[in-house]
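Sequence order for the protein chains is A and B. When the first sequence is numbered by numbering that gives the first Met the number 0, its final residue is 282 and no position is left out of the sequence of numbers. When the second sequence is numbered by numbering that gives the first Met the number 0, its final residue is 172 and no position is left out of the sequence of numbers.
Check the hints yourself; a few may be wrong.
Computed, partial: chain A to chain B, Cβ under 7 Å [what the hints assert, rightly or not]:
| hint | residue |
| --- | --- |
| 1 | Val-2 |
| 2 | Leu-11 |
| 3 | Trp-256 |
So these bits of chain A aren't anywhere near chain B, every CB distance computed over 10 Å [as the list claims (entries may be wrong)]:
| hint | residue |
| --- | --- |
| 4 | Ala-3 |
| 5 | Ser-218 |
| 6 | Val-225 |
Distance ranges between label pairs, derived from CB positions [to be verified]:
| hint | chain 1 | residue 1 | chain 2 | residue 2 | range |
| --- | --- | --- | --- | --- | --- |
| 7 | A | Thr-150 | B | Gly-33 | 38 to 48 Å |
| 8 | A | Gly-226 | B | His-117 | 44 to 54 Å |
| 9 | A | Gly-58 | B | Ala-154 | 55 to 65 Å |
| 10 | A | Leu-139 | B | Val-82 | 25 to 35 Å |
Calculated from the structure, these hints are not laboratory results. These numbers were taken from a predicted model, which means no experiment stands behind them. Note that the Cβ used here is the ideal one computed from N, Cα and C, for glycine as well.
If you want the building blocks of each chain, they are given just below.
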Amino acid sequence: MTVADYFLPRSLPEALELLREHGPSLLVMAGGTVTMPLINEGISLPRQVMGLRFAGLDGLEPVDGGLRIGATVTLTGLLRQRHVPMLAQAARRTASWSIRNMGTVGGNLFTPPPGGDVAVALLALDAQVEVRSRDASRTLPLSEFQTGFMTTALEPGELVTGIGVPAVAGETAYLKFGRKEANTPSVVTVAVRVRREEDRVVDARVALGAVGPHALRASRAEAILVGSSLDPGAIDEAAEAAAAECDPFDDGVASAWYRRAMVRLFVRRALEGLAQPVAVEGR
Amino acid sequence: MASRIVSFELCGREVEVLVKPMTTLQFVLRNQLGYTGTKEGCRQGGCGSCTVLVDGEPMMSCLLPVEDVAGRRVTTIEGITPVEGLAPIQQAFVDTNAFQCGYCTPGMVMLTTALLDHNPAPSREEAVEALGGNVCRCTGYAPIIDAIEAASASATGDATRDAGVMPDRSGER
Ligand SMILES: Cc1cc2nc3c(=O)[nH]c(=O)nc-3n(C[C@H](O)[C@H](O)[C@H](O)COP(=O)(O)OP(=O)(O)OC[C@H]3O[C@@H](n4cnc5c(N)ncnc54)[C@H](O)[C@@H]3O)c2cc1C
Ligand code: FES
Ligand code: FES
């Protein structure tokens, strides 16, 4: 173990001050479920680490019909809340009980694919990421926060302090497909949200995980859905478009070819579940 | 290299350890305190053999810097084992043949302890879901789920459940 200093700030100002003082070489860690395996393996050899577990960022409260989630709310905390059911579903399909007791919602935004299953649901809900440095604060959409494989819009000196989820407009469905039922890396994760007026779709989100460098919106599929009545033709076309526009990769879990095929299937299933409001299985 | 003293409650008593920064709870338990019941499998959070309870909630001790449990309550397999005999959950594991090599067992027993604490009568599906992060390479899991049902039945006094989950296997093999 080569770590020289491990800081555990007791407040956000203290955390931001430490970050300013030590600069980008200070490794930030929340639940440690991504970071600690890398340190244990010797892949990551940080000299200085700051743990956020006691920095007071773990509040979760309903706001204007939506939800404000502190960055270090655990995945278990997200699973237990009842305000936004799709987020509880996403948490339930992420990792295992003990890992959910440690891993955080904020950390999930940084988790490289095939991880990041909660971020996919947050993307479909138009989540906003709250960022603070010692001297400034800003809020940006999750779609702009995740910029590439393991890269984000976070600047040196900044921390994610929370995630804002607006009141859920429309109906949602969340499907994660893996090689086994539980505690399994995703082949593809799909989160959809559709708002209808009369029978016409007026707004649609199709968010995909594990088929790109970070959680992605299938914007061509969304455009096909808007104006449709979620009829089988529109669903097929949207599923086809999502499969075409995602950017899957090969790994030990699945090939890019298979991932693309599963995007087509699971986007279709998620939309069909919303079209005929027979309960769509929340797996 | 800076070292520091961390104190926490371990199985009902206060302990103090002198550690280098970010030493894992797993390492401290096994190598500094001699609590070797907590196992070391993957050190990646992926196997559950290191499961301990922190303030009653299951966590992977291989991913926890010991500084993070300062002042908190840690329970390991040693803490739930009575001085004489076995705890009911442990007895249930024996009765249902829920282990072979035994490497996963302390983690399984700690997870079961937390599960029954949250949900005294879990369904088989709930038990399976709770165990999703704990790997067993020997048993095929079914006897472990049987053990959870048996332990639940003995704690809640449900004799019908009990009869259902302790099949007479004496005629097998
Ligand atoms: C066995 C196992 C199974 C898993 N299964 C899944 C799964 O099914 N699906 C899934 O999505 N994930 C899975 N994960 C990954 C992980 O548990 C989750 O992504 C979790 O949400 C990560 O959060 P964390 O707080 O533990 O991250 P950490 O390890 O603490 O941090 C990860 C990264 O995020 C940065 N970071 C964290 N919080 C902040 C903040 N507030 N401000 C700035 N930077 C920050 C850190 O600098 C670090 O680089 C699994 C992990 C394990 C070990
Ligand atoms: S040793 Fe901790 S989960 Fe495997
Ligand atoms: S009994 Fe051998 S791993 Fe479970």
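Now for the hints, and whether the structure bears them out:
1. Val-2: 4 Å, holds
2. Leu-11: Check failed: Cβ of A/Leu-11 comes no nearer than 18 Å to chain B, outside 7 Å.
3. Trp-256: Not OK, violated: A/Trp-256 not within 7 Å of chain B, min 27 Å.
4. Ala-3: 6 Å, violated
5. Ser-218: For A/Ser-218, whose nearest Cβ neighbour in chain B is about 34 Å away, the distance exceeds 10 Å, so it holds.
6. Val-225: Non-interface label stands for A/Val-225: nearest chain B Cβ at 37 Å, farther than 10 Å.
7. A/Thr-150 x B/Gly-33: 38 to 48 Å: 44 Å, holds
8. A/Gly-226 x B/His-117: 44 to 54 Å: 47 Å, holds
9. A/Gly-58 x B/Ala-154: 55 to 65 Å: 35 Å, violated
10. A/Leu-139 x B/Val-82: 25 to 35 Å: Once the Cβ atoms are compared, 58 Å apart, the range 25 to 35 Å for B/Val-82 and A/Leu-139 is violated.
When each numbered hint is compared with the structure, violations occur for hints 2, 3, 4, 9 and 10.
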